[in-house]
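> Chain residues, written in single-letter form:
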Amino acid sequence: MAHLTVAVSEATFIRSFDLLKRNFVFQDSDLQDHGVFTLGYDVKMHLEGGTVDLRADNTVQIKELDIRWDRLKVIIGLDIPEICVGGGCINMPWPIPDICLPRICIFSGDPDVSISPDFASFVAQEISFTGSLDARYFDASLPLPSPDPCVPLRVVPLTTNNQWQIFLDPQTMDIDLFDFPDIVGNLIENALTSAITALIPGGWVRDLILAIIGGIADLIRAILDIPDDIDEWLSDVFNVSFGLLDFIGTLVLDFFASCNPIYRIDDPFEILPAASGLIPVRIPIRNLSVRADDLEMVVRADVGA
Amino acid sequence: MPKKNVLLNRAVFSVRPYESRALTVLTTLFHHFSEAGNYELFVRRGGAVIYRAAVLVGEAGAQQQINLDLATLAQERPRDCCDHDDGPRYVLGVNSVMGFYVSQGTGAYSVEIARTEHKERRALDSASLIPAGDLFAVTLVRPGVYRAVEEQSGAEMQIRVAHPDPKSYRKGEVTLIAFSGKEFKPRRAEIVSGHSVLFRCETPARLRVELLDAAETGTRPKPGTRFTVRRTAPPAAPESEKKSSD
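Protein sequences, first through last, are from chains H and C.
Heads up, the numbering used here is the position in the first sequence plus 12, with the first residue counted as 1.
Heads up, the numbering used here is the position in the second sequence plus 4, with the first residue counted as 1.
If you're looking for bench data, these hints aren't it; they were derived computationally from the structure.
For every residue, glycine included, the Cβ atom is placed at its ideal position computed from N, Cα and C.
Worth double-checking, as some hints may not be accurate.
Label-pair distances were calculated between CB atoms; the ranges are [claimed, not checked]:
| hint | chain 1 | residue 1 | chain 2 | residue 2 | range |
| --- | --- | --- | --- | --- | --- |
| 1 | C | L77 | H | T262 | 54 to 60 Å |
| 2 | C | D169 | H | D237 | 44 to 50 Å |
| 3 | H | D130 | C | V19 | 24 to 30 Å |
| 4 | H | D191 | C | P190 | 43 to 49 Å |
| 5 | H | D194 | C | R151 | 48 to 54 Å |
| 6 | H | D191 | C | S172 | 37 to 43 Å |
| 7 | C | V149 | H | D194 | 44 to 50 Å |
| 8 | C | D169 | H | D78 | 25 to 31 Å |
| 9 | H | E94 | C | T207 | 35 to 41 Å |
| 10 | H | L43 | C | R191 | 54 to 60 Å |
To give a feel for the contact side, a few chain C residues facing chain H, derived at Cβ under 8 Å [what the hints assert, rightly or not]:
| hint | residue |
| --- | --- |
| 11 | T32 |
| 12 | Q68 |
| 13 | Y94 |
| 14 | S100 |
| 15 | T110 |
| 16 | D169 |
So that you can see chain C by itself, here it is in the shape it has in the complex (with noise of 0.2 Å):
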């Protein structure tokens, strides 16, 4: 079996606010698209246009959802605006979604979704805000208490995630919270770490999800390990005080 280098993806392990205005690992913006036409996506990083594409909604039979991840995106050549031959395109029908995920690295990535026609009509501006119906997923690995908050209202929901248990454990669970302008319901979430919580926005929002206390971590020491504590050594004195005392 020829060896590989295997590297930890660090970045799922970090513990850092999951802000929909800065999508980074473990968040996922999905937009909705409610109506058909042509648009224009611009992925940002730093404030920068790191990728540009064509979306193109309504063809009938077209895909529902489409997932790109923010952290592998290579733009060959600059896209000119706004052919919509030239360069990527993604076609999907309407009322379709499309999610916007970073599967590695700890970039924060933006995304902005305009028409074509009126490039001042942005579906999509999740450095601001996320549109009414779209929405944001965080999952979260930590086990601990976290509180999500939309920042305009200071809504405020508790999510608690528990120690996950490997006799019973089921990947892929997905919580759905919904946001209604003024309060999410639920106000509390129960999940086990690895697991989703989805926000579907009713209304425009900026959500935040941040950890308020760490749960005890996992691996405890086994009735009657032994630990051994050291005394620390006094520091070593100077060589000067050392001849001075001879």
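Looking at chain H on its own, in the form it has when it is part of the complex (with noise of 0.2 Å):
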């Protein structure tokens, strides 16, 4: 039988999750070059909302955590080809060759035009998973992992004191793919329909320019070759092409696993201050262990010698 049961409500283990559920913050920017085109993102999140439930298979489940985005900006840059006039080969009549004219180009170079709209408020995404709990020894004399993975991710301050630490420690997370709604696709086209327009004088040099690119919204969708709907597509590339949705569910994965314990237990444990001149009193913690029921957290540990 342990010497020390320690229990902790579920209210009060929800008031802990949420308290280390508020410091996640993760911020990340990128830029890819597809060579005609470039795509890029830069993005800053933290979690909101969500239910805890400790549950009496010894887990607890984390539901419809919400990811609300502070910044989720899209950056969408497009080399737009050479706008060239003149040009084309005629068969001659012999002696003279087949003649080539050559092209004449309407721009001094390939012109660029580049967007960055903020998406933030259209997109809604949730987590949730089911972790067990698990207690670990920290020895503060052991060096840390170089390089520290969780240096980006701590936001409970490293202890120089040995402590046994309880993780909430997630199997498997469910994310939601990101889904940009039509609008977004609609707010896109319109950007960089303005973006080139801007690069274009008006009048006929307007309609001959448009008639050479074939349009904005074909040029658009020729650049970026985008066969449907440019929300349906930025949707994979976040999903896909950028990678994000792996490296979220790793972040809060190994944010909750690996660098903030919910709670931390000095060893020794300090049971009566220093006090009038007396040096404190603490007594070192051994086989600590931790279960979940339906109702509370409970913490097991031996008195060591």
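Work from the hints to combine the two standalone chains into their complex.
Here's what the structure looks like:
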């Protein structure tokens, strides 16, 4: 029978989890060069809401944890192809060879347009996972791994004491896929169209350029190689090409499972502080274990020699 | 994506006559080399020679066409006449053509080609006449009606340039027109903005293409668009008048 038993109610556990969750922040940016276009993102997110349920099978279920995007900027740059007049070849009667006319280009270089709209308010995602509670011993005398994967994720400060640490260890995680609504496709198309239109003078010059490039909407689709809707294409890009879902999933797993314990117990544990010139009274904690049931989290431990 | 400075090639859209004697943006002169030999090429701008090169015609398997952009030619150092190993040189086959065009800028150029051995035997002097067998091309971008004139004979023809339709636009279309010495054949041509007409001269000629009537320019206001016309304010009375009226 354990020397010490501490029970934490579900309500207290929820408050502890909430404190940890509110400190989770993820931000990242990347830019990929695809030749005729560049594609990138600049994002920042945090976690909100969700329900926590301690379960009889010694697991904790977290459901519908909201991913709130503070910033979800999509960076799209297009390298507009050369827009030229003239050119073409014509067959000539002998002895003159077939003649090809030079092309005269309308811009001095290939023009670029770039947009970076923020779609934070258009995207809603949720995370759900079930994890077990895991007690681990932290030996402060041992060096941290190098490189330390927890550096960008650690919100609970590193201790100089030996500690028992209790982690919520998710085994699997479900994250909603990015699903940009139709309006995002329209906004992107409108923004790119405006950016391209700004390059082109008005009147008959615009008519000519639009004829050469075959219309701005078609040009955008041709450059980005989009067969369907822009919003579907963008969702695929975020879900697959950028690998953001994997990245966020791994971060959330590491955040809870490896980098930030939900509870910490010093070893030795101080039961009486220093007072009246006497040293503090500390007891060594051994064989700490943790379990959850429907109502509470229970920690048991022995007092060592 | 790094930002680039992009400039509109305004010369493409400036409306002016296109002349074979003064090559500008959108015009191209093709010289047909019908005889093998060594030639000397002179490019002039504002009367001054800005570029010289050797042209060797006759080598088997050589190129059948070279196009030179007169706006970007740069002579690194003066060329000694008439050493063919010195300076730039172009090698072409017999019955090949050399095209001269201007890609940008407002400059007007002329081209002279002479036999190296007999400088007085000019094969081409574009500032005066295009020799028989040469070709002159103009790419027309502004929609409207143009007139092509051969200045010696006074022969004329009409070219109608239509607005481009984005749905059916095809790039690089060229319409061939022959000038026989007395008349153009055909005497009317219809092309689309951005396409070219190519004049084939059967006798020496000096060609000029000019806009007669510009078509209505494209973008019309959408129905229902409101325009606001404001009355111009009457000119303010001079200070002295104000004081006197007080």
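> Between the beta carbons of V149 (chain C) and D194 (chain H), is the distance compatible with 44 to 50 Å?
holds (46 Å)
> Do the numbers back the hint for Q68 (chain C), that is, is its least Cβ distance to chain H under 8 Å?
holds (4 Å)
> Hey, does the Y94 (chain C) contact hint survive, CB to chain H under 8 Å?
Violated. Min distance 15 Å.
> Was the hint right that T32 (chain C) lines chain H, CB cutoff 8 Å?
holds (6 Å)
> Taking the CB of L43 (chain H) and the CB of R191 (chain C), does the distance hold inside 54 to 60 Å?
At roughly 58 Å between Cβ atoms, R191 (chain C) and L43 (chain H) fall inside 54 to 60 Å, so the hint holds.
> Could you say whether the range 48 to 54 Å given as a hint is met by the Cβ separation of D194 (chain H) and R151 (chain C)?
Roughly 52 Å apart at Cβ, these two residues keep to the hinted range, so it holds.
> Would the hint on T110 (chain C) stand, with a C-beta cut-off of 8 Å toward chain H?
violated (14 Å)
> The hint names S100 (chain C) as touching chain H; please verify it with the least Cβ-Cβ distance against 8 Å.
At about 6 Å, which falls below the 8 Å cut-off, the nearest Cβ of chain H leaves the hint on S100 (chain C) intact, so it holds.
> May I ask you to test the interface hint for D169 (chain C) with respect to chain H, counting a Cβ-Cβ separation under 8 Å as satisfied?
holds (7 Å)
> Could you see if the CB distance from D169 (chain C) to D78 (chain H) stays within 25 to 31 Å?
violated (51 Å)
> Can you let me know if the beta-carbon spacing of D169 (chain C) and D237 (chain H) is within 44 to 50 Å?
Distance hint for D169 (chain C), D237 (chain H) is violated at roughly 25 Å.
> Using the C-beta atoms of D130 (chain H) and V19 (chain C), is the stated range 24 to 30 Å upheld?
violated (44 Å)
In this structure, the earlier hints numbered 2, 3, 4, 8, 13, 15 are contradicted, and the remaining ones agree with it.
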